[in-house]
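Number of protein chains: 2
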Amino acid sequence: MSPKSIRVCLSPALLPFHELDDTIAVVIDIFRATSSMCYGLANGAQAIIPVEELDECLSYQSNGHLLAAERDGQVVTGFDFGNSPFSYTKEKVAGKTVVLTTTNGTRAIKRCAGASAVVIGSFLNISTLSNWLKTQPQHILLVCAGWKNHFNLEDTVFAGALVHRLKTRDMELDDAAYAAESLYLEARSDLPTYLGKASHSKRMQHLHIAQDIAFCLQEDQVSVIPILKGRELVRLTLPHLLQ
Amino acid sequence: MSPKSIRVCLSPALLPFHELDDTIAVVIDIFRATSSMCYGLANGAQAIIPVEELDECLSYQSNGHLLAAERDGQVVTGFDFGNSPFSYTKEKVAGKTVVLTTTNGTRAIKRCAGASAVVIGSFLNISTLSNWLKTQPQHILLVCAGWKNHFNLEDTVFAGALVHRLKTRDMELDDAAYAAESLYLEARSDLPTYLGKASHSKRMQHLHIAQDIAFCLQEDQVSVIPILKGRELVRLTLPHLLQ
Chain A
150 MSPKSIRVCL SPALLPFHEL DDTIAVVIDI FRATSSMCYG LANGAQAIIP
200 VEELDECLSY QSNGHLLAAE RDGQVVTGFD FGNSPFSYTK EKVAGKTVVL
250 TTTNGTRAIK RCAGASAVVI GSFLNISTLS NWLKTQPQHI LLVCAGWKNH
300 FNLEDTVFAG ALVHRLKTRD MELDDAAYAA ESLYLEARSD LPTYLGKASH
350 SKRMQHLHIA QDIAFCLQED QVSVIPILKG RELVRLTLPH LLQ
Chain B
150 MSPKSIRVCL SPALLPFHEL DDTIAVVIDI FRATSSMCYG LANGAQAIIP
200 VEELDECLSY QSNGHLLAAE RDGQVVTGFD FGNSPFSYTK EKVAGKTVVL
250 TTTNGTRAIK RCAGASAVVI GSFLNISTLS NWLKTQPQHI LLVCAGWKNH
300 FNLEDTVFAG ALVHRLKTRD MELDDAAYAA ESLYLEARSD LPTYLGKASH
350 SKRMQHLHIA QDIAFCLQED QVSVIPILKG RELVRLTLPH LLQ
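Keeping their order, the protein sequence lines are chains A and B.
Counting from 150, one number per residue, gives the positions in the first sequence under the working numbering.
Counting from 150, one number per residue, gives the positions in the second sequence under the working numbering.
Read the hints as simulated data drawn from the structure, not as lab findings.
Nothing here was measured: the structure is a model prediction, and the numbers come from that model.
Wrong hints could be hidden among the right ones.
A pair holds if it fits inside one copy or across any two, identical chains being indistinguishable in the list.
To be verified - Straight-line distance between alpha carbons at most 25 Å, and here's what the computed SDA-like set of lysine to any residue pairs gives:
#  : residue 1 : residue 2
1  : K153      : N298
2  : K283      : F228
3  : K239      : K297
4  : K283      : S348
5  : K297      : E321
6  : K316      : D204
7  : K259      : K378
8  : K346      : G193
9  : K239      : T317
10 : K245      : N298
11 : K316      : G345
12 : K153      : Y343
13 : K346      : D319
14 : K245      : L164
15 : K378      : G227
16 : K153      : Q370
17 : K346      : R384
18 : K153      : L322
19 : K259      : P165
20 : K297      : L164
21 : K241      : A359
22 : K283      : K346
All chains, full assembly: derive it from the sequences and hints.
Shown next, in the form of structure tokens:
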């Protein structure tokens, strides 16, 4: 069994032009939302609730949840933390539910709601994710969260890494999938240098989060796949998960 | 003098997120609208009027203009011709005004109306265009017409060719400009093969227009730059045009 087609949506603003029926949507926001989601669920967070707005995030305050909010790369004042993966360690999140709003990633997740399934991708869970996707018969749509509706390099290069692992001779790729794979093949020998020219990396240099970037570019640190169930991201469980 | 920044808009649907102030917009629809516009004006067409809808195109019938309409890669029944460059020869268009509506290209032009200038790019006029752009101080936005709001390879690879010719050390590139240049550098040794995998090429194979594709991939066949003046595309004239 293998997916029928692989397409890449290069910006959340292009989602309205993509078919979501019979499709697994993989949401990608490498720096840093989807990397932190994978890390947090691997470290025992019970669930992560992605919300679009700060107000909605705050409305969960009385539930005893951890509240995480990032805007323009920084933790929003008054929140427990933002989207740095180092805030999603076992010590901080095990057994907890995290309510998270970010500039790009959480919004992209919300807009994929019509898909058969919405899962979360990052370099941290790439092998577990791609092995599972290979067992699924649906179409696959790789959704790059980008930056404020703009294309970005890091999400597209990761989408290309997935295309490279998943594609077969019979599978239909759209032009964006071909392009993403080309970019990945060029970048893979030295991801940090290639992505160093990305606008987001430059933005993040000002924020002194080089450690976060290096962390998010490591393959296979975790073996979980976050999946959207209702409004919560939880760990996808067996029998679906073949590792 | 050189442009301050080069950005690439990968789909007309992303134009609302791009700044057009103090910006020259270069509209790109390689297969085939912008190639044919360059060729038609080089062959003496007086003007080409891009319109969005078939009805609007038909409304020019009484003016004695040539009416050209393409939808889904084919000439629309009842129109003089579509967007094949071979319909824009000297014999057919010299001294005439052509009113043209296409699936992607003419719509992209309309949406750039807020820019300082809107010009037309194709491989056919790449050197003339890039030499002129180098003399301009404005920002440059390369607008890929794509296919029905989707990313496509051929327009992006051409955008990358322009980035490669125009970029300087001091100039700011967005992530899409870096990606487009990467794709161009990979594709340039054999454009027809690289673009053969593009969805549009596959669509066009069904239409038996391999000759059109080969024609549109030739560099420097003409030395005109179509520029939007009011509602008409006309030849950019000296002293602006340094060849």
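Taking the hints in turn, this is what the structure says about them:
1. In this assembly of identical chains, the alpha carbons of K153 and N298 lie at most 25 Å apart only when taken from different copies (22 Å versus 27 Å within one copy).
2. For a Cα distance limit of 25 Å, the shortest separation of K283 from F228 qualifies neither inside one copy, at 38 Å, nor across copies, at 48 Å.
3. In this assembly of identical chains, K239 and K297 lie within 25 Å of each other by CA distance neither inside one copy nor across copies; the values are 30 Å within and 46 Å between.
4. For the identical chains of this complex, K283 and S348 are inter-copy neighbours only, at 23 Å across copies versus 32 Å inside a copy, given an alpha-carbon limit of 25 Å.
5. Proximity of K297 to E321 under the C-alpha cut-off of 25 Å is restricted to the inter-copy arrangement: shortest distance 18 Å between copies versus 29 Å within a copy.
6. For a Cα distance limit of 25 Å, the shortest separation of K316 from D204 qualifies neither inside one copy, at 41 Å, nor across copies, at 43 Å.
7. In this assembly of identical chains, K259 and K378 lie within 25 Å of each other by CA distance solely inside one copy; the values are 12 Å within and 42 Å between copies.
8. Proximity of K346 to G193 under the C-alpha cut-off of 25 Å is found in neither arrangement, the shortest distances being 34 Å within a copy and 44 Å between copies.
9. Within a single copy, K239 and T317 get their C-alpha atoms no closer than 38 Å, and across copies no closer than 47 Å, so neither meets the 25 Å cut-off.
10. In this homomeric assembly, K245 and N298 never come within 25 Å of each other (Cα to Cα): the closest approach is 31 Å inside a single copy and 41 Å across copies.
11. Proximity of K316 to G345 under the C-alpha cut-off of 25 Å is restricted to the inter-copy arrangement: shortest distance 18 Å between copies versus 27 Å within a copy.
12. For the homomeric pair K153 and Y343, the shortest alpha-carbon distance between copies (23 Å) is at most 25 Å, but the shortest distance inside one copy (31 Å) is not.
13. When the C-alpha separation of K346 and D319 is checked against a cutoff of 25 Å, the pair qualifies only between copies, where the shortest distance is 14 Å, while the shortest distance within a copy is 35 Å.
14. In this assembly of identical chains, the alpha carbons of K245 and L164 never lie at most 25 Å apart, being 32 Å within a copy and 41 Å across copies at closest.
15. Proximity of K378 to G227 under the C-alpha cut-off of 25 Å is found in neither arrangement, the shortest distances being 28 Å within a copy and 53 Å between copies.
16. For a Cα distance limit of 25 Å, the shortest separation of K153 from Q370 qualifies neither inside one copy, at 28 Å, nor across copies, at 41 Å.
17. Taking the shortest alpha-carbon separations for K346 and R384, neither the intra-copy value of 33 Å nor the inter-copy value of 37 Å comes in at or below 25 Å.
18. Taking the closest pair of Cα atoms, K153 and L322 come within 25 Å of each other only inside a single copy of the chain (9 Å); across copies the shortest separation is 36 Å, beyond that limit.
19. Taking CA atoms no more than 25 Å apart as the test, K259 paired with P165 passes in both settings, with 13 Å inside one copy and 21 Å between copies.
20. Taking the shortest alpha-carbon separations for K297 and L164, both the intra-copy value of 14 Å and the inter-copy value of 13 Å come in at or below 25 Å.
21. Proximity of K241 and A359 under a CA criterion of 25 Å is satisfied intra-copy only: 21 Å inside one chain copy versus 60 Å between copies.
22. For the homomeric pair K283 and K346, the shortest alpha-carbon distance between copies (23 Å) is at most 25 Å, but the shortest distance inside one copy (32 Å) is not.
In the structure shown, a violation is registered for the earlier hints numbered 2, 3, 6, 8, 9, 10, 14, 15, 16 and 17, in ascending order.
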